[in-house]
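A.B. asks: What follows is the residue order along each chain.
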Amino acid sequence: MAPKQRGVRAKSSKADRSDEIMESCGLELGSSDDDAPEVVTFEDSKAQALRSVKQALESARREKDLLKERRKKRQKLFQEQKKRKLLSVELLEEIDSLQKQSQRKAEATPQDEEQREEELEEMTETKQEKLEHSRKLKGNYKVTTVKPQALSSFQQKTAEDFLQSRLYGAGSRRATTREQKSKAEKLKLRWIRKQIPSS
Amino acid sequence: MGEFKVHRVRFFDYMPSAIRAMAFNSRTERLAVARADGTVEVFNFTDNYFQEKVIPGRDGAGIEALCWARQRLFSAGLSGEITEYDLENLQPKSTVDAYGGPIWTLSSNSKGTQLAVGCEDGTLKIFEILADRIQFKRNFDRQKSRVISLSWHPSGTLLAAGMMDMIRIFDAETGHSAHRLLVERGVGACKSKEVVVWSVVFLSNHTIVSGDSVGKVQMWDGVTGTLITTHFVTKWDVLALSVSQDESSLIAGTSEGTVVQFQFLPCTVNDQDKDWVRTRTFKNHSHDVRALVHTDISVVSGGMDTQLVVRPLLDKVEKNTQESALRKIVFPHRSLVCCAKKSGLLLFQFPDHLELWRLGESEGHGKPGDSLPLKRKPEKLIHLKRKGDDHVWCSGLSPCGEWLAYSTVSSIRLYRLQIHDNIISITKVSKVPKILHSAQQLCFSSDSSKLFASCSHSSVIVVSLSQSECKYVHTFKPQPGCRHPVHLLHASDDGNWLVAANTGGEVHVYNLQKLKLHCTVPVYSSCPTALAVHPTTRNLITVHADQQIFEFSLLQKEYTEWSRKLQKQGLHPLWLQRDTPITHITFNPKNSAHILLHDMFMFCIIDKSLPLPEAKSQFSNQMTLRSLPESDRIRHSHSFKICKTFQPLLSLSLLEDQSLVVVERPLLDIQSQLPAPVRQKKFAT
Chain X
1 MAPKQRGVRA KSSKADRSDE IMESCGLELG SSDDDAPEVV TFEDSKAQAL
51 RSVKQALESA RREKDLLKER RKKRQKLFQE QKKRKLLSVE LLEEIDSLQK
101 QSQRKAEATP QDEEQREEEL EEMTETKQEK LEHSRKLKGN YKVTTVKPQA
151 LSSFQQKTAE DFLQSRLYGA GSRRATTREQ KSKAEKLKLR WIRKQIPSS
Chain R
200 MGEFKVHRVR FFDYMPSAIR AMAFNSRTER LAVARADGTV EVFNFTDNYF
250 QEKVIPGRDG AGIEALCWAR QRLFSAGLSG EITEYDLENL QPKSTVDAYG
300 GPIWTLSSNS KGTQLAVGCE DGTLKIFEIL ADRIQFKRNF DRQKSRVISL
350 SWHPSGTLLA AGMMDMIRIF DAETGHSAHR LLVERGVGAC KSKEVVVWSV
400 VFLSNHTIVS GDSVGKVQMW DGVTGTLITT HFVTKWDVLA LSVSQDESSL
450 IAGTSEGTVV QFQFLPCTVN DQDKDWVRTR TFKNHSHDVR ALVHTDISVV
500 SGGMDTQLVV RPLLDKVEKN TQESALRKIV FPHRSLVCCA KKSGLLLFQF
550 PDHLELWRLG ESEGHGKPGD SLPLKRKPEK LIHLKRKGDD HVWCSGLSPC
600 GEWLAYSTVS SIRLYRLQIH DNIISITKVS KVPKILHSAQ QLCFSSDSSK
650 LFASCSHSSV IVVSLSQSEC KYVHTFKPQP GCRHPVHLLH ASDDGNWLVA
700 ANTGGEVHVY NLQKLKLHCT VPVYSSCPTA LAVHPTTRNL ITVHADQQIF
750 EFSLLQKEYT EWSRKLQKQG LHPLWLQRDT PITHITFNPK NSAHILLHDM
800 FMFCIIDKSL PLPEAKSQFS NQMTLRSLPE SDRIRHSHSF KICKTFQPLL
850 SLSLLEDQSL VVVERPLLDI QSQLPAPVRQ KKFAT
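Read top to bottom, the protein sequences are chains X and R. Following our numbering, the numbering of the first sequence begins with 1 at its first residue and continues without gaps. Following our numbering, the numbering of the second sequence begins with 200 at its first residue and continues without gaps.
Accuracy of the hints is not assured; some may be wrong.
As the list claims (entries may be wrong) - Now the in silico label distances, taken between C-beta atoms and shown as ranges:
#, chain 1, residue 1, chain 2, residue 2, range
1, X, R178, R, S648, 50 to 56 Å
2, R, K586, X, L187, 54 to 60 Å
3, R, T425, X, S52, 57 to 63 Å
4, X, R178, R, T735, 53 to 59 Å
5, R, K566, X, Y168, 45 to 51 Å
6, X, R178, R, S665, 32 to 38 Å
7, R, G703, X, S153, 47 to 53 Å
8, R, K586, X, K194, 50 to 56 Å
What the hints assert, rightly or not - Think about it this way: if two alpha-carbon atoms lie no more than 25 Å apart in a straight line, the pair counts; the simulated PhoX-like pairs of lysine-lysine are:
#, chain 1, residue 1, chain 2, residue 2
9, X, K188, R, K881
10, X, K186, R, K880
11, R, K756, R, K676
12, R, K482, X, K188
13, X, K183, R, K324
14, R, K482, X, K183
15, X, K85, X, K72
16, X, K181, R, K756
17, R, K843, X, K188
18, X, K186, R, K482
19, R, K880, X, K181
20, X, K181, R, K482
21, R, K343, X, K157
22, R, K880, X, K183
23, X, K183, R, K434
24, X, K72, X, K83
25, R, K324, X, K157
26, R, K541, X, K181
27, R, K392, R, K343
28, X, K194, R, K881
29, X, K186, R, K881
30, X, K157, R, K586
31, R, K392, X, K157
32, R, K880, X, K188
33, X, K194, R, K880
Treat the hints as calculated values from the structure; they're not laboratory data. Backbone N, C-alpha and C define an ideal beta-carbon position, used for all residues, glycine too.
When you get a sec, could you build the whole thing from the sequences and use the hints?
C.D. replies: In structure tokens form, the structure reads like this:
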């Protein structure tokens, strides 16, 4: 361990006081150039370095924890929303049972009859199946197919929005209807005043 | 002569649609105009710019681009489909989905064999034009940004595509991009916004001209891929470009409503070096110019202010002649108003609905020019919305006001009306004969017992009406080989004659008692714009697009004496110089020598008993006649009595009680409902 070294200050008391004042204010005008640099022991700096590393690790851990918490909360929220959106368990059981019933029906009939009739029956049964599937279930649920035009109309809407925004959107420097009306009114009044001969 | 009570109607809220695209067919001299609501109109430039054909649009099918390929007309829009139009039956013939998303631009090569289509997803697709349809041929290399504009090189081997921030030159054989020309963005605040190349033109010397959203017109060298010059034309966007056939003149349309012309001229006299020089600026529009066409002699522009402006170039036509006049086509060249003469009802046709109004009543008398107080205000009785997506094509109201019919491209609907004081009932006639599925023109007979509907190939279907059902009676077919659509249909007041005129200039007269073709009026070179049969003399009056008037006697099957006299003397030059066509003819029951006609800016009563005006005499001499003493008036008066008090006129009819109904649509009312123009600082405002 290096011995503590302190430069001997051979200054007057006034200078000392002024030095102290300056140091306390944080100003080190003349003194920093003349004096030797402050001695900082190895232990001090080691301790400081360790402390800063610990702090960094600690803050990183805290941040990770915070993020984890947030993610957990979000996941919970999504699950709850999904639960609310999905059909209830009882409803699903009912649909399941219906499906099994109609499947059994469809399987039962072809075994009993001739081939051609079997095929017809199958066709009618599948039709009935379809109809049964689309009938109204308990509660306010209805099953419908999504129209395939949804995607193309979205593209069309984006294109229309692009055109509208380029020609009439922000930065297009267009006159508003209020401005137009006020201009027209001003011109009208000016013209009327012109027509009345001034006496 | 004529003292009428006039019902001055200004409650028809007719709103024209903005012009979105135009295409000119130089061989047939026809201009096709596509409007924002999907309507396509065809104007005949050789026949006094008459609006020959109107193909109605449909909801959700706005058109972005239009082009001719030989004699076939194609359009494409943001719905992603390419539509070919049947110009004989005035309907869309076939549609092909391009599967590239919304289509921004469409262009055919100079031979008319291929169509190039620029889509939202960045693809350029080539379709081959076959005899009866178009077929997908290939895709070019897919780009990252949407293709907004397209231009074929006259040789058909190269294509220039204007996209966001750049222009790409494609090789038509390989489909690969040969050059990429980067367009500079605007300065300041506009630096962050992408620049849109709204329009490109590929010239035969491999120069590419582009107009973009920053407001500059740039000339590029297509061989090396470098910029030649930049012209800053406007602070707003340059939306359209068009080049003349001989590539010596170029026009650019801007958002301000100006059209700037550039000409390829030598910079100094005796210099071989030619360059593009900015010459003229035309300011004929108040709103954005979206579509431009450069014909051989004129500049045709159209845009958001819905007016079609034809500006002849004074270095190509003779100054101060009829040919060199500026033409503005504002209103349609056909009637959108039906008047029921016996019951005082008016039917207004809109693209998506029909309105039935009852005229107001007033008492009292006054001096000519007075406004009479209203006893009962006009009221809207029925607002009938159309069914389906197709726009209303034509409509009709019977003279007694009890039957109403309208037709779209896909269906005809007939309604029975009952109006007793304030009880109005409208019932749809459900069983319309199957043969009636769409009509280009609808007309009721004067006793409201029959409905006439014109269908494909100039044929007319007659259907009889009774109580609440209608039965098919007969189909009138003119001679085979007649392929033009009927645009005028008129049933005479005595119920004996039906006259149908088509866009080929043929006028057929059918005898309703014998149910066969009576005669065909000799074909005149100009298309008829209005016709009517006189109730007592049975003379057919036709007025044509070049403002000629003919009177044809149906009983003798020849032109009348008066008509021959008129042709021999010729019409007054001021009559011939009018630029809007006559759209309606009607007669005065009290005076059989009177013919009432009107066009957009005047209405005229022709008194056949008076002498015809001389070419040098004053034409509109009503005011002077009034100031002359009685004895002198007879010497100076001539048969054409013009009145310009009511403008712009959409319709004029004479009711049974001798009052005139005048439907006006002031231009200011239309202008106040247009979308915003650009904000310009004008001096002293």
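A.B. asks: Under the constraints set out in the numbered hints, which ones does this structure not fulfil?
C.D. replies: 2, 6, 7, 13, 16 and 26
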